[in-house]
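Chemist: Spelled out from the first residue to the last, the chains are:
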Amino acid sequence: MIETLKHLINTLAAPTIFLPLVAVLFFLVLHYYRLLSRPAVAGGILLAAVVFYAVSLLDNNFRHIVAKPDNVPITMMLFLSGFCVWMALRQAAINDERIERGLPPVEKEGNETIFVWPDLVYIEFLAAVIVGVLLTVWSIELKAPLEQPASPFKAPNPSKAPWYFLGLQEMLVYFDPWLAGVVFPTLIITGLICIPYMDINPRGVGYYTLKHRRMAITVYLFGFLFLWVTLIMLGTFFRGPNWNFFGPYEFWDVHKVEPLVNINLSEIIYIKILGTGMPSHWLPREIWGLALIAGYTFVLPILLAKTVLKNFYAKMGLLRYNVFMFHFLMMMLLPIKMVCRWMFNLKYFVAITEYFFNI
Amino acid sequence: MWSNISKYVTDSQVWKSIIRHGYPDTRRNRVLIILSNVFLHLHPTKVPSHSLKLSYTWCMGGLTFFLFLVETLTGVLLMFYYRPVGEYAYNDILALREHVPLGIMRELHRWAAHAMVITVWLHMLRVFLTGSYKPPREFNWGIGVVLLTLTLLLSFTGYLLPWDQLAIWAITVGSNMARATPFVGHEGPGSKLLNPGLFGMEDVPLIHATDDARFVLLGGPFVGEATLLRFYVLHCVFIPLAAATLMAAHFWRVRKDGGISAPTDEFSKPL
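Protein chains in written order, with our numbering: chain A, 1 to 359; chain B, 1 to 271.
What the hints contain is simulated information worked out from the structure, not anything from laboratory work. Please note that a few of the clues may not be correct.
Below, simulated DSS-like cross-link-like pairs (lysine-lysine); rule was C-alpha separation at most 25 angstroms, straight line [claimed, not checked]: (1) A:Lys211 - A:Lys154; (2) A:Lys68 - A:Lys154; (3) A:Lys306 - A:Lys154; (4) A:Lys211 - B:Lys53; (5) B:Lys53 - A:Lys347; (6) A:Lys160 - A:Lys306.
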């Protein structure tokens, strides 16, 4: 019975099932946030998560990964992020309902100014003391890890970056290092910096809401919760030797063999569809992929601006619209590539390995 | 008896030279204590009541700053015992563990660092969800994003210092990316275009493993002793100074941009 359940969860945890599941769950939560953020419902979800975690800790393989000292913060992050998102959605639900009834948000209600001394200073002091105590207890209970002395000749398998970069390392499954390790991180930073200049919606300052800023919040939470937090979790807990996938209760077997069946877009076109064999020069070989990527990056925004996003474009203006679309399309390249990988075993859209230019 | 002593102390020249106002239980003194203390004057003297609610701020920005202070304090203590040299680094960490009874400085430093990464993310999430980056606070959000990057870099450079297998390979995996930097990484797209082919030396690339972006980052073609020293200096001197400077700007701008965000006037009029 337990073994069957474990086997089921191991199967569900495979990226092809787990990630779409999380994505669907994400949109369900944003859609039914008023129902799901009710304390009774959210409390039930929390209880289920805690029970799942506690029972799973009885499993050796699960405990071995989760209880690694450097992985403990990830568990904290998962629960803390969940709690914070719940708090925000709960207040958004209350405020949105008030706004519908013509009332101002709770934050506006009975707002008076109060002295920083003693009220705010007291809270800051208490917060510092509490976190200080928690840190001390954490430090006494859990020793900082120290492995064998550094040796450049003995690479551990798997070799993992620090946990907060594991979302980026997980991206390496789908993209080459120049994109996953250099271009996308840069775009994350520039995209974040550009947010205040791209979001021209004047509403939603100083209170929690979803109703007034549905698009902005959906995009940001998708990036943070799905493309960042979930991939960190996947990269840390579910990726074992040779970066192969392992379910949470599965033993990390170094000899697990995964067939490499991924093929490039050019191979799909020239071998599977046309049956002519590969052109020898890279330009005719990759012209389809290049056209696809160029169309996605440069033509699609123009088409959208002329059709479905006409009003959006008019509101945003040329520069804002293009900066937003570029960052947004680059962000969506990751889920798009994931789906293409799972459905067509696609390795690269463009594979000019001669110049390390693979997308 | 007690009140006499306390009056004697608070009336003394020394006390009055340090604290220039009476006990902060009057309106006047509550304003003065904030205004006359260099640390407290980061605050305004009064704040809107909703900004005191934990459900609004989550306390995450303040905790990030607190954790930075914890890192600074424990970091200085660790620097007394740690030498960033290949022969010593690992043994110094080992000695901290083996020779210090009840020692938890390294643990405090490491766990506070992990916690700080999390609090920065959640602070950003809170600021986003309350729309607190909107005008006039756009620029301060940008400073915050740079501070986020510096936090991650602080954590990343510190990860190498124990000089164990965990450290060296995590940094190797992380820094291997720099090899693929477009144009300036030797395995990056476009690096071959930078081959000038002067003097008939078409086969000599301008960008190669010992002069590309990764080489600059590591101080060598792989993670070695030069990297250890380089990351140590970045971790203990350069990035903390840069972060502290930007934090000053960040806090200053919070005040100058109107303090903590609050609902605007749109709700004063009937909707």
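Chemist: Take the hints in turn and mark each one as holding or not.
Modeler: Each hint, compared with the structure:
1. Restraint check for Lys211 of chain A and Lys154 of chain A: not satisfied, since their Cα atoms lie roughly 54 angstroms apart, outside the 25 angstroms limit.
2. As the CA atoms of Lys68 of chain A and Lys154 of chain A are separated by approximately 20 angstroms, the hinted pair is consistent with the 25 angstroms bound.
3. Simply put, Lys306 of chain A and Lys154 of chain A have alpha-carbon atoms about 56 angstroms apart, too far for the 25 angstroms limit, and the pair is violated.
4. A hinted pair counts as satisfied when its Cα atoms are at most 25 angstroms apart, and Lys211 of chain A with Lys53 of chain B qualifies at roughly 22 angstroms.
5. Between Lys53 of chain B and Lys347 of chain A the alpha-carbon distance is near 50 angstroms, which puts this suggested pair outside the 25 angstroms criterion.
6. Restraint check: the Cα-Cα separation between Lys160 of chain A and Lys306 of chain A comes to about 45 angstroms, which exceeds 25 angstroms; the hinted pair is violated.
Hint violations for this structure: numbers 1, 3, 5 and 6, all remaining hints satisfied.
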